[in-house]
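Engineer: Chain by chain, the residues run as shown.
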Amino acid sequence: MATTALTPAATGARAGLYDWLTTTDHKKIGILYLVNSLLMFFVGGVLALVVRAQLAVPALVHYGFAAPGFKIVDEAFYNQAFTIHASLMLFLFIIPILAGFGNYIVPLMIGAPDMAFPRINALSFWMLPLAGLLIMTGFLVGGAAAAGWTSYSPLAQAKYSGTGEDLWIVGVILIGTSSILGSINFLVTIFKMRAPGMTMFRMPIMVWTMLVTSTLVLMATPVLTSALIMLFIDRNYGGHFFNPATGGSAILWQNVFWFYSHPAVYIMVLPAMGIVSEILPVFSRKPLFGYKAFVFATAAIGALGFSVWAHHMFTTGQVALGFFSFMTFLIAIPTGVKMFNWTATMYRGQLSFATPMLFALGFLTMFLIGGINGAFSAAVPVDFALHDTYWVVAHLHYVLFGGSVFGVFAGIYYWFPKMFGRKLGEGLGKIQFVIMFIGFNLTFFPMHILGLDGMPRRIANYSPDAGWSDLNMLATIGGFTIAMSMLPFLWNVFTTLRNGEPAGDDPWEGNTLEWATSSPPPPYNFDRLPEIRSERPVFDARHGLVGGGH
Amino acid sequence: MTAGSTAIVAHAEVGHAREGGISNVILGMLLFITSEIMFFAGLFAAYFSLRASAPAWPPAGFEGKLVWLPTAEHIIPVVTIATILLVTSSWTCQVGVWGIRRGDHTALVRGIGVTVVLGSIFLLMQAYDYTVLYSEEVRLDAGVFGTTYYTLTGFHGAHVLGGVVMLSVVLYRAMAGQFTKDHHDMVEATSIYWHFVDIVWILLFSTLYIIPNVR
Amino acid sequence: MSLPRLTRSRLAVVVALVAAGALLSGCGVMQPPEAVTSQGSEVRSLYEFVFAIAVGVFVLVEGLIIFAVIRYRRKPTDTELPPQIHGNNVLEIIWTVVPAIIVAVMFLFSYSALQKVQATTPTDIQIRAVAAQFQWQFDYLSADGQTVLFQQLAPEMEVPAGKTVHLQLKANDVIHAFYVPKFLFKRDVVPGVNNSFDFMVDAADAGQTFSGQCAELCGTYHGSMLFTVKALSPADYDSWLAAQIAKARETPPPAPSGGAGQVQLDIAAKDIQFSTAALEAPADKPFTIKFQNNDASITHNVAIKDSAGQEIFKGEIFAGVDVRVYPIPALKTGAYVFECSVHPNMTGSLTVK
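Protein chains in written order, with the numbering used here: chain A, -15 to 534; chain B, 36 to 250; chain C, 14 to 366.
Just chain A, same shape as in the assembly:
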């Protein structure tokens, strides 16, 4: 097995569908991850539109008017829609698409020919479409999971939830297993497969974030697996883990679930931070400010991530409020360090605003809001007011959409030329960015106010007297605007793949090793490597800072 990395991958001639189905090339697997994740993103997006359409106007009959209530879907389907929306977006879009970037980019960035275990890599990927199908099959067998992606017990017990819940559990276990295998692969690749000269502190920040992310996956995801298995035993074999009626504990589920799911937030955002940390220096023509501080901040976020899970449970009245409040506040410090370092990277630079840079700046500003509005929930009494309201919906979307998804699109525009040898159109890219940025803020900013005004999450309808109607309509318009922004993107990808501008090996004047090979790279990635003397080997080579006799 140790020598698998040297086994020649299928050579170029044998292209075609069969090749894609059987490939163990990290670059093809990476692209498969991206495509599969984007498909899940679109399905999840459609479900989000169902949710937004339902909430556009109050579903209740106004006193004095005989008009029937406005309803897109019934309550049962509504609950399935937001449950599956969240499950697809978190488990089958954000986590895998970032793993997909990692798959494509990490071996290139460290000068390796492939991942450490190419066949396990393929296995990790192919579990994902299967898991997605399982989870969505619920719609065909009497209702998908409807207990929220958090699947709180007892609501997720057999008495209150149907077959869809079992399919969901099995699907998420599969995804978790895929993530764990993937994380082992990343860690071994990063520890063992670096090119000569690529010391730990010369690794690109993207690689560092994948390292920390993989550690989080390795430590947190198995705990979710154990929780899901216990829930499955409760549901199907008469177990009593989480069922208070028979001696189990409803709070136990929340503890075990959030022990995974809070670190999962960092699993979902750290690699996006890594992408942005690659893009900002390139488009500022400066090195990343405070490289080591950045590494330590990433590690600190990862470590602290394990001690804050109960801040999702403040209102249960069953957790140590002071401790978890303190730890949650603490995590703002390394996050702040990153924010300042990013900003300082641009200071005195020469900024150009190609689409990747625009999305990276979008990430900065939106993630800034997502970080700040999270501090409100760290203050426990304020969380008593805001928990489970639309404020939280706003917060998590500013982190995961404004942060991660903007980072994902930054990465797509940045590495598309490397992956396909053609540059995505700048015009369409900028149009997409503007529409998406506006749509995003239209959708999610009003939700802060809805939350303050007391609108709870996950309700299928509300009264016209509640005073939430206008802002909900605004959010719905924003939601459809985001959907619109996908049209220029898809058109851009379509036309670029057909006849886009050839990119060359290094269209952005990049810093890291992936720009030292051809676009797309050959099967083993590199015929030769530049000398690695810093975290910017390609920059050094371009400006003659290395080389000559040594």
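Hints in this document: simulated from the structure, not taken from any laboratory. Wrong hints could be hidden among the right ones.
[What the hints assert, rightly or not] Pairs of lysine-lysine, DSSO-like flavour, derived with a Cα cap of 30 Å: (1) A:143 / C:283; (2) C:195 / C:318; (3) A:143 / C:183.
Starting from the known structure of chain A, arrange chains B and C on it as the hints suggest.
Structural biologist: Relative to chain A, chains B and C alone:
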């Protein structure tokens, strides 16, 4: 654009796993075991949490069901014997590993062979123990006591089974002479896994059998 | 893309003004409602404190980003590399330590607010909220914890303003959450867990009604799990409670059978919905409504309100599956609304002509 023309690393050097240190396979196994530790940590956390919130442990009706010392009803404490066998198997496994490190194929085949047999006997004894407990109304659905007992021991048993399968593959390949003094990563990795499974059982045995009975 | 210096700084001013304007208008609407409890007021002042810091941090960092974006745009003359600054340890320490201090201060403030919000005081007023899919019930307890009134009638909690109320929370099926936005507070109602909290509605708010609802996903009709809290003056509360207890002791009168020739309207409820959204009845004549509740163990009733929202009739609330025949007094011609008192989103129109 001078990237290509500056110092070049020879093609042969590109893509070599880094020299020195542990091999990819063993590092992968250690990381996998890390994830397994967290998996069992989740199950143990559930056990201790439920046990702490139960009014009595073992709950009424289950006192004295899990025995590890001989009693009037259970003259032969099956679990204790199974535990001794499993601990022994860890040692026989390591004897096999030491053997192949010296290049001694016979020692490898013997050590792993005995380990496979001991592991299988452990599984059979666990199955026997389950039937006895079931006849005494200790069932999976019998309160949190039964649920936690079968989940913890059942998942450990599944890991033992997985270990026996892996050891059997190692045994087959050992008999086919596929391992040498310098190339036997799979033997090392499997033995690490087997020791891990053993340690989990010692924790389980202490937690489920010894501690509740020592008061 | 190079702008002359003047234009560039003007652009910066415009951007700053627009940002400041948006921020100010944002600050105005980004406030929680005025709290009506003393605990809620603590939460609100803590919110305002956190909000002020949040705005400060946002303006600072966003300002730095926008400044960098505008000031350091690449010009065609920028052929040489900019200075390659790799970092600055003093700066790193500053922007680690300063946020740490800010965060520590925020923690201390929120921790001290938490102590006030969580504080309990001995009180005679004890109420128990019982949550179940998908309805609320409020029971009233005596000082020694005996239940004096099982209130079955409506998801409405009467509380004395100006007095501390100890609210116990109880659920037997799934997790719910007791949430009143104007309390700026919620607490989960967890099966197997005895949660409770104290609150005191400000004396000045006597006579007001506050809406509340379940805030933890509890199943299909989670969004229908509404309730109200009605603050009464202590004297009104005492007489209300006494009247309710007296009323509960009376045996309920037998349901009058509908006289011959009377109009009977049929309506049913299933899945927290009425079978029809429109009913018609004759004017100036008593009639009956036969109400079939098909939701097992979920309570419903039929109540009638006039177009001004004034309640004219309120039928007995009962759990399904069961049936009741409600006698309705004569109504004048006009448009009315019928609804379920337990689930105010179950509603329809009643036309009398």
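Engineer: Give a verdict on every hint.
Structural biologist: Quick rundown of the hints versus the structure:
1. A:143 / C:283: holds (19 Å)
2. C:195 / C:318: holds (26 Å)
3. A:143 / C:183: It holds: about 19 Å lies between the C-alpha atoms, which stays within 30 Å.
Comparing the model with each earlier hint shows no violations; every hint is respected.
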